[in-house]
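So the chains spell out like this:
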Amino acid sequence: MATAPRFWRENPSRYNLVGVKCNSCGRHFFPPRTICPVCHRKSVGMMERVKLKGTGKIFSMTEVHEGLEELSMQRPYFLAMVELDEGVKVTAQVIDCEACDLEIGMPVRATMRKLSEEGPSGVIHYGYKFVPVNLKAKAEGPAH
Amino acid sequence: MRRVAIIGVGDTEFGELWDSSFRDIGIKAGLAAVADANISADMIDALYVGNMSAGRFIEQEHIGALIADYAGLAKSHIPATRIEAAGASGGLALRQGFMAVASGLHDIVVVGGAEKMTDVSDTESAVIQSSAADQEWETVLGATFPALHALMARRHMHEYGTTREQIADVAVKNHRNGSLNPKAQFKREITRETVLGSPMVSSPLRVFDCAPSSDGAAAVVLCPLEHAKKYTETPVEIVGSGQASDTLSLHDRKDICTMEATKMAAKRAFDMAGITQKDVDVAEVHDNFTISEILAIEDLGFFKKGEGGKATEAGLTAISGQIAVNTSGGLKARGDPIGATGLAQAVEVVTQLRAKAGKRQVIDAEVGLTHNVGGTGATVVVHLLRRV
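In order, the protein sequences belong to chains A and B. For what it's worth, my numbering labels the leading residue of the first sequence as 1, then goes sequentially. For what it's worth, my numbering labels the leading residue of the second sequence as 1, then goes sequentially.
Simulated from the structure, these hints should not be mistaken for laboratory data. Check before you lean on any hint, since a few could be wrong.
Said to hold, decoys possible - Listed below are the simulated BS3-like cross-link pairs for lysine-lysine, each with C-alpha atoms no more than 25 Å apart in a straight line:
no., chain 1, residue 1, chain 2, residue 2
1, B, K254, B, K310
2, A, K53, B, K305
3, B, K254, A, K57
4, B, K254, A, K42
5, A, K53, A, K89
6, A, K89, B, K310
7, A, K89, B, K305
8, B, K254, A, K21
9, B, K263, A, K89
To be verified - If you anchor each label on the Cβ, the simulated ranges turn out as follows:
no., chain 1, residue 1, chain 2, residue 2, range
10, A, V133, B, G197, 33 to 39 Å
11, B, E366, A, K53, 25 to 31 Å
12, A, P107, B, G161, 20 to 26 Å
13, B, D271, A, K53, 51 to 57 Å
To be verified - Heads up, incomplete: computed chain B residues facing chain A, CB under 7 Å, no partners named:
no., residue
14, W18
15, S21
16, G142
17, A143
18, L151
Ideal Cβ placement from N, Cα and C applies to all residues, glycine included.
Based on the provided sequences and hints, a complete structural model is requested.
Right under this line is the structure:
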């Protein structure tokens, strides 16, 4: 069973999409890194924690039919790589949608949900998932 | 730096080897390689073993010493080292052995690779394989190993118009090649319909897009090229060795349709060898998923980016094609006992360059390539081998 270490459970990044901005080059990273892979040593002490807006577009996606035991109740589920507005990509589930709704380039926003639990009455893991933006408007016609 | 040759190869069948233990298969492959090289045990200077996760598959760590011990080498106290880089463990072990001989530190080195995957359930095996990806920022969020490759496949289809049928053709070709390999896990030919009608794993990838869980081992014996003819009439020289790394998470890469580590490892190997892609007759590439082979043949420079699917569909990667890819059946049909895979690739290429590949022989093969990937491309090892 894939379980996360305790420090990860208490990591604010997975609840609030807290990343870092390198104040040497201006690039954003998620999850937080100590050193900017572009600026290297110049970035030491200049990596500022920032909350990402949580809005972005689907870069690629898949419908997962076989997978990890702790997610078996959710299968099949949609998994996407999302390119956030700040330019960083994250991998997460997309919920509140049907297969035919999802396409590359579609706008989504982050929401906090239950990810999994360690057995029937075990520790519950929370974290970010994404929901489509303006899905209803799309179904009814072009948004204005 | 000294020039290095492979003077012996050995391997086991790949599949569900429930009558053999991890150490049994490791020793079987090693003994076959040592017999092929016509050397005695007291001549072995060092042992390297590629293995991804014996700790989780069979709850055994300390693999280097274990294999040296059961190879009967405990009394000679040779250095025995286990090498891990997920799926690239075997190829990386080969590179460590190559460096040890090239540097002059050791003369005769045995490099093996082994994995025993079928002692755990399929579900557990999938969890262990997913540990090659980022546990904290991919796996826990629901990204299985097939799902990460599905993201690559979907994006490749989107950017280049690669079709689902072209991706299936990789599996069809590799099963055809596997049917010609007595040691392959799957020896039956399949059709596009077999692939496209198989159960969905992670869309668009289905069961027949995925390499199986396998037990198996493979090994080679290395020595300085200048001594090689003492042991064998058919030495094969390692003319190029390249290794590269990349971000652990797939999403941290700008382009998920390209494995930059493959491009860089290949460049380093080709630069060392002083040859180009046009010189390569046969290639064993890391097709842990069908889409992986399409990315590989593009990133290795055999085909332009975006044209891997079309090339496969047109038969350019078949045994009689422009470049014979995965003549062994590849990971898909030959099987994928993770730590053994990189060595099994070398065994197949050596077999081809010695013209001993039987019904799957590539006519007059002189130069071969192996391409071994860890995770979604965070470690890549490429070797170039040439008939002496």
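Hints and how they fare:
Proposed proximity of K254(B) and K310(B) is supported: the alpha carbons are some 24 Å apart, at most 25 Å. In summary, the hint linking K53(A) to K305(B) is not supported, as the alpha carbons are separated by about 34 Å, beyond the 25 Å threshold. As the CA atoms of K254(B) and K57(A) are separated by approximately 15 Å, the hinted pair is consistent with the 25 Å bound. In summary, the hint linking K254(B) to K42(A) is supported, as the alpha carbons are separated by about 23 Å, within the 25 Å threshold.
Restraint check: the Cα-Cα separation between K53(A) and K89(A) comes to about 13 Å, which is no more than 25 Å; the hinted pair holds. Under the criterion of a C-alpha separation no larger than 25 Å, the hint pairing K89(A) with K310(B) is inconsistent with the structure, at around 29 Å. Taking the CA atoms of K89(A) and K305(B), the gap is about 22 Å. The hint holds against a cut of 25 Å. Distance restraint check for K254(B) and K21(A): the Cα-Cα separation of roughly 18 Å lies within the 25 Å cut-off, and the hinted pair is therefore satisfied.
Distance check on the hinted pair: K263(B) and K89(A) sit about 22 Å apart at the alpha-carbon level, within 25 Å; holds. Between V133(A) and G197(B) the CB atoms are about 36 Å apart, so this pair conforms to the stated range of 33 to 39 Å. For E366(B) paired with K53(A), a C-beta distance near 56 Å fails the hint of 25 to 31 Å. A hinted range of 20 to 26 Å holds for the C-beta pair P107(A) and G161(B), which are about 24 Å apart.
Checked against the hint of 51 to 57 Å, the pair D271(B) and K53(A) fails, with Cβ atoms roughly 44 Å apart. Interface restraint check for W18(B): the shortest CB-CB distance to chain A comes to about 23 Å, outside 7 Å, so the restraint is violated. Interface restraint check for S21(B): the shortest CB-CB distance to chain A comes to about 25 Å, outside 7 Å, so the restraint is violated. At its closest, the beta carbon of G142(B) sits 5 Å from a beta carbon of chain A; the interface hint therefore holds under the 7 Å criterion.
Look at A143(B): its Cβ gets to within about 5 Å of chain A, closer than 7 Å, so that hint holds up. The closest approach between the C-beta of L151(B) and any C-beta of chain A is roughly 4 Å, which is under the 7 Å cut-off, so the hint is satisfied.
Violated hints for the displayed structure, listed by number in ascending order: 2, 6, 11, 13, 14 and 15.
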